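Work out the full structure: start from the sequences and follow the hints.
Numbering (the working numbering), first residue to last: -2 to 226.
What the hints contain is simulated information worked out from the structure, not anything from laboratory work. Nothing false has been slipped in among the hints.
Straight-line Cα separation of at most 27 Å, DSS-like style, residue types lysine-lysine; simulated pairs:
| id | residue 1 | residue 2 |
| --- | --- | --- |
| 1 | 168 | 152 |
| 2 | 64 | 76 |
| 3 | 64 | 52 |
| 4 | 144 | 175 |
| 5 | 144 | 168 |
Quick list of the computed label-pair ranges, beta carbon to beta carbon:
| id | residue 1 | residue 2 | range |
| --- | --- | --- | --- |
| 6 | 218 | 86 | 53 to 63 Å |
| 7 | 226 | 16 | 12 to 22 Å |
| 8 | 83 | 222 | 42 to 52 Å |
| 9 | 130 | 53 | 20 to 30 Å |
| 10 | 37 | 223 | 19 to 29 Å |
| 11 | 87 | 197 | 30 to 40 Å |
| 12 | 222 | 19 | 26 to 36 Å |
| 13 | 59 | 0 | 45 to 55 Å |
| 14 | 217 | 110 | 53 to 63 Å |
| 15 | 138 | 165 | 21 to 31 Å |
| 16 | 154 | 24 | 35 to 45 Å |
| 17 | 79 | 1 | 21 to 31 Å |
| 18 | 217 | 8 | 37 to 47 Å |
Only a predicted model underlies this, so the values are computations on that prediction, with no experimental measurement involved. Every residue gets a Cβ at the ideal spot worked out from N, C-alpha and C, and that includes glycine.
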Amino acid sequence: PNNVGEAYDWIGFDPRGVGLSRPALSCLPYYFSGPRPNYVPLNDTLENIWLMRSKDYAMACATNNSKLLQYMTTIDIAKDMESIRVALFQDQINYFGFSYGTYLGQVYATLFPDRVRRMVLDSNVDARMVWFQANLNQDLAFERNIKIWFRWLAKYNNVLHLGQTESQVEKQWNSTLKQLENNPFNNTVGPDEWLDIFLIAAYYQQTWIDLGTTFADWVNKNDGDSLMG
-2 PNNVGEAYDW IGFDPRGVGL SRPALSCLPY YFSGPRPNYV PLNDTLENIW LMRSKDYAMA
58 CATNNSKLLQ YMTTIDIAKD MESIRVALFQ DQINYFGFSY GTYLGQVYAT LFPDRVRRMV
118 LDSNVDARMV WFQANLNQDL AFERNIKIWF RWLAKYNNVL HLGQTESQVE KQWNSTLKQL
178 ENNPFNNTVG PDEWLDIFLI AAYYQQTWID LGTTFADWVN KNDGDSLMG
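Dropping the structure here:
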């Protein structure tokens, strides 16, 4: 607000093992290729498939990165942040973190309390609940936010034609998931990939227009080009 960000020099970094950081973790490169089995375990078969996929992924991570994993903890990353502070000759840091970054900020402040000047944490992770319960809590928040988006889409039904009420939009949403389960678009986008594409709507309101248009194009025109973008 009030352009306060312009008063700071912003420095970002890729944490250990991800992005452009090297060495990088590599588990199962094809794991996220679509279409994947339905996220929702509607029956025992699906549940067992996901249990096996999860075990295979974990085993691949352990096998392919056996020498790295013990050095990939949040504590290690917090110490990397401290190294960045030292390298920049700063007595203290100002820190902005969201999602996992809020947990990282908490760990850094715990390890180096005298090195924090200002810290802004957006969408806090409860450090007492990492990670299983924290992820379940996040899923509930995602569902709540997506329904708020549905309500917003219904408000502009004269443009998007997805339904006049939140429940009508949700019905269209669920119908689309079923359609993609039976017939993935381009043999790539199934219900899981659809959810991945639209999950960002649960994070950022500024995505609502573009994602609403993508949703509407698929429903009204059978146009899935933007799904492949």
